[in-house]
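Read top to bottom, the protein sequences are chains H and S. Just so you know, the first sequence maps onto residues 0 to 133 in numbering that gives the first Met the number 0. Just so you know, the second sequence maps onto residues 0 to 173 in numbering that gives the first Met the number 0.
To be clear, the hints were calculated from the coordinates, so they are not data collected in a lab. Virtual Cβ for every residue (Gly too), placed ideally from N, Cα, C. Please note that a few of the clues may not be correct.
Said to hold, decoys possible - A few chain H residues facing chain S, derived, Cβ under 10 angstroms:
(1) 29
(2) 31
(3) 33
(4) 35
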Amino acid sequence: MQAFMRVISIVMLLAVQPSLADDRADYLLHCGGCHLPDGRGTPPEVPSLRDELGKIITIQGGRDYLVQVPGSSQAPVSDLVLANIINWILVKFNQQTLADDFVPLSENEVSNARKFTLADPLKRRDEIWANYVD
Amino acid sequence: MKIIESLLSRLDDMACRSSREIAQRSSRRRFIGKLGALMVGATAFPLLPVSRANAEPPSEMGDPQSCDYWRYCALGGTLCTCCGGSMTTCPPGAEPSPISWVGTCLNPVDNKHYLISYNDCCGKAICGRCFCHRAERDTPVYAPSKANDILWCFGTESRTYHCTVAIVLGEASA
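Looking at chain H on its own, in the form it has when it is part of the complex (with noise of 0.2 angstroms):
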């Protein structure tokens, strides 16, 4: 009986956490429009949001660049929510790249990040690259 009572509980915990599919839904209302509902984009307008995210979130400055870029910032969501979306791509979507050691994005760090505008995304894209060592 106990046992039994265990995995009720475990299956009530599991109802009642904020689940994934929030999650996804505020990717599909805010994001999925161009980057579309699984993240493929239309490149080179609407980036891919597939396996490179992995890579660059391994490069000085490029966490804070996936909050800063205008879709991220100007999003009309909480940096909370704005952090769960990115969190949700990543490992939605990034799963062949993304380190198994992978921190999560923290609503500090969003928060923090965001503060600063880009003026020229795409110049600060090239340059965080230039970074990259695989």
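Take the given structure of chain H and dock chain S to it, following the hints.
What follows is chain S alone, placed relative to chain H:
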């Protein structure tokens, strides 16, 4: 005839014997217990965080050729349903734009909000029928990602606008 009769009586015997054997081996309480577990299990399953965002709306109500239809709550343009297409497909000869803008609309049937993707169909002159302009949560063009006054023919051969489809992507909140 005798053969058939003996066959039937043998069948009767077999059925009788096997049901008695089952009755001896299993108790009624155990059956009720198992049934109970199955029922509890079945009710617990829908609580699991499966991808509910994939769910299509259970039912819809209204006329898809009318601007008042629930899916069109943020649609500015002409309805593909009036132009030879459907709610989800472009009319023949028009190319769907992969890039869309995504909003949410309330489905009056189940009172839930759904994510709606408004994809423009492009490459043909504008369809002259069913022009709608509804603007729930529409933003001014300086916030373009949620502005429905913009032509969303991006990533297509032609930027000529023909009509708009409204695709349900899933539930807005789980």
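Which numbered hints are broken by the structure, listed smallest first? Result: no hint breaks.
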